[in-house]
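> Following the hints, put chain B in place on chain A, whose structure we already have.
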Amino acid sequence: NAGVTQTPKFQVLKTGQSMTLQCAQDMNHEYMSWYRQDPGMGLRLIHYSVGAGITDQGEVPNGYNVSRSTTEDFPLRLLSAAPSQTSVYFCASSVLGTGRTGELFFGEGSRLTVL
Amino acid sequence: GQQVMQIPQYQHVQEGEDFTTYCNSSTTLSNIQWYKQRPGGHPVFLIQLVKSGEVKKQKRLTFQFGEAKKNSSLHITATQTTDVGTYFCAGPGGAQKLVFGQGTRLTINP
Numbered sequence: 001n002a003g004v005t006q007t008p009k010f011q012v013l014k015t016g017q018s019m020t021l022q023c024a025q026d027m028n029h030e031y032m033s034w035y036r037q038d039p040g041m042g043l044r045l046i047h048y049s050v051g052a053g054i055t056d057q058g059e060v061p062n063g064y065n066v067s068r069s070t071t072e073d074f075p076l077r078l079l080s081a082a083p084s085q086t087s088v089y090f091c092a093s094s095v096l097g098t099g100r101t102g103e104l105f106f107g108e109g110s111r112l113t114v115l
Numbered sequence: 116g117q118q119v120m121q122i123p124q125y126q127h128v129q130e131g132e133d134f135t136t137y138c139n140s141s142t143t144l145s146n147i148q149w150y151k152q153r154p155g156g157h158p159v160f161l162i163q164l165v166k167s168g169e170v171k172k173q174k175r176l177t178f179q180f181g182e183a184k185k186n187s188s189l190h191i192t193a194t195q196t197t198d199v200g201t202y203f204c205a206g207p208g209g210a211q212k213l214v215f216g217q218g219t220r221l222t223i224n225p
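Read top to bottom, the protein sequences are chains A and B. If you read the first sequence in our numbering, its first letter stands for residue 1, the second for the next number, and so on. If you read the second sequence in our numbering, its first letter stands for residue 116, the second for the next number, and so on.
The set of hints was computed from the structure by calculation and includes no laboratory data. Any given hint might turn out to be false.
[What the hints assert, rightly or not] Going by beta-carbon spacing under 8 Å, a handful of chain B positions derived as facing chain A: (1) Pro123; (2) Gln211; (3) Lys212.
[As the list claims (entries may be wrong)] Within a straight-line C-alpha distance of at most 30 Å, the following computed DSSO-like cross-link-like pairs (lysine-lysine) qualify: (4) Lys212/B x Lys9/A; (5) Lys9/A x Lys151/B; (6) Lys212/B x Lys166/B; (7) Lys171/B x Lys212/B; (8) Lys174/B x Lys151/B; (9) Lys151/B x Lys185/B.
[Claimed, not checked] Selected chain B positions facing chain A (Cβ under 8 Å, derived; list incomplete): (10) Tyr137; (11) Ser141; (12) His157; (13) Pro158; (14) Phe203; (15) Leu213.
Where is the CB? At the ideal position from N, CA and C, for every residue including glycine.
Isolated chain A, as found in the complex (with noise of 0.2 Å):
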């Protein structure tokens, strides 16, 4: 199994350009999230979604959107780039357990400097 997938592993932007973080699992995780991990500040989550169709806020999703319209994919949009969101991003995915997330499963990561 792939597990979870995130391309690109590396990117570089100019400020205000948009683009496209991809996210894909094939463990059939109903849950899905995303989260920033910058130093000193441990991993904070932007969106998550707990089924296609379902998408919802985390602890900073400021100039960020998702959509979910299948299981498997949950991709990442930067609107307008801003210096602000370089960082490492990593996605992750998850069995739903009783009224709480199960162990989560990463990706690689991926890492935006945004010029």
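This is chain B only, laid out in the frame that chain A set:
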């Protein structure tokens, strides 16, 4: 929203010394998870604790969940160079949200 605070932020030890990281919440947690991230890698799930006062062991790693379910700890006995990385706790931050602590970065002098 729910926050989990993790201390210390950094810990440097000599190989063979013990290491402990602590996770605290102002509210009761229904469960807590622990992850390890190697340098340059992605977080990898270690364990989930659910019961009050629960203690679980994985070889040299001991995980505890407090009686009040507001704190948790990860203790590594006799550290090895393979233990290097950042350890995160994560707890529920509302409906289907998993919120991470800031992490404890462990470095080891061989």
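> Quick check on the hint: Phe203/B CB to chain A CB, less than 8 Å?
Holds: closest Cβ of chain A sits about 6 Å from Phe203/B, inside 8 Å.
> Taking 30 Å as the top limit, are the C-alpha atoms of Lys212/B and Lys166/B close enough?
Status holds; Cα separation ~19 Å.
> For a C-alpha distance cap of 30 Å, please report whether Lys9/A and Lys151/B respect it.
20 Å, holds
> Using the nearest Cβ pair, does Ser141/B come within less than 8 Å of chain A?
16 Å, violated
> Given Gln211/B was flagged as interface, is its beta-carbon under 8 Å from a beta-carbon of chain A?
Given a least distance of 5 Å, the restraint on Gln211/B holds.
> Does Lys9/A sit within 30 Å of Lys212/B, going by the straight-line distance between their CA atoms?
25 Å, holds
> Would you settle whether the hint for Lys212/B is holds or violated, based on the nearest Cβ-Cβ distance to chain A being less than 8 Å?
6 Å, holds
> Does Pro123/B pass the interface check with chain A, least Cβ-Cβ distance below 8 Å?
Because about 12 Å separates Pro123/B from the closest Cβ in chain A, which is outside the 8 Å limit, the hint is violated.
> Can the restraint linking Lys171/B and Lys212/B be considered satisfied, given a maximum Cα separation of 30 Å?
Holds, because 24 Å separates the two Cα atoms, which is no more than 30 Å.
> Between the alpha carbons of Lys174/B and Lys151/B, is the straight-line distance 30 Å or under?
Holds, because 15 Å separates the two Cα atoms, which is no more than 30 Å.
> Would you check whether Pro158/B satisfies its interface hint, that is, whether its CB is within less than 8 Å of any CB in chain A?
5 Å, holds
> Have a go at the Tyr137/B hint: is there a Cβ in chain A nearer than 8 Å to its own Cβ?
Violated, about 14 Å.
In this structure, the hints that do not hold are numbers 1, 10, 11, in rising order.
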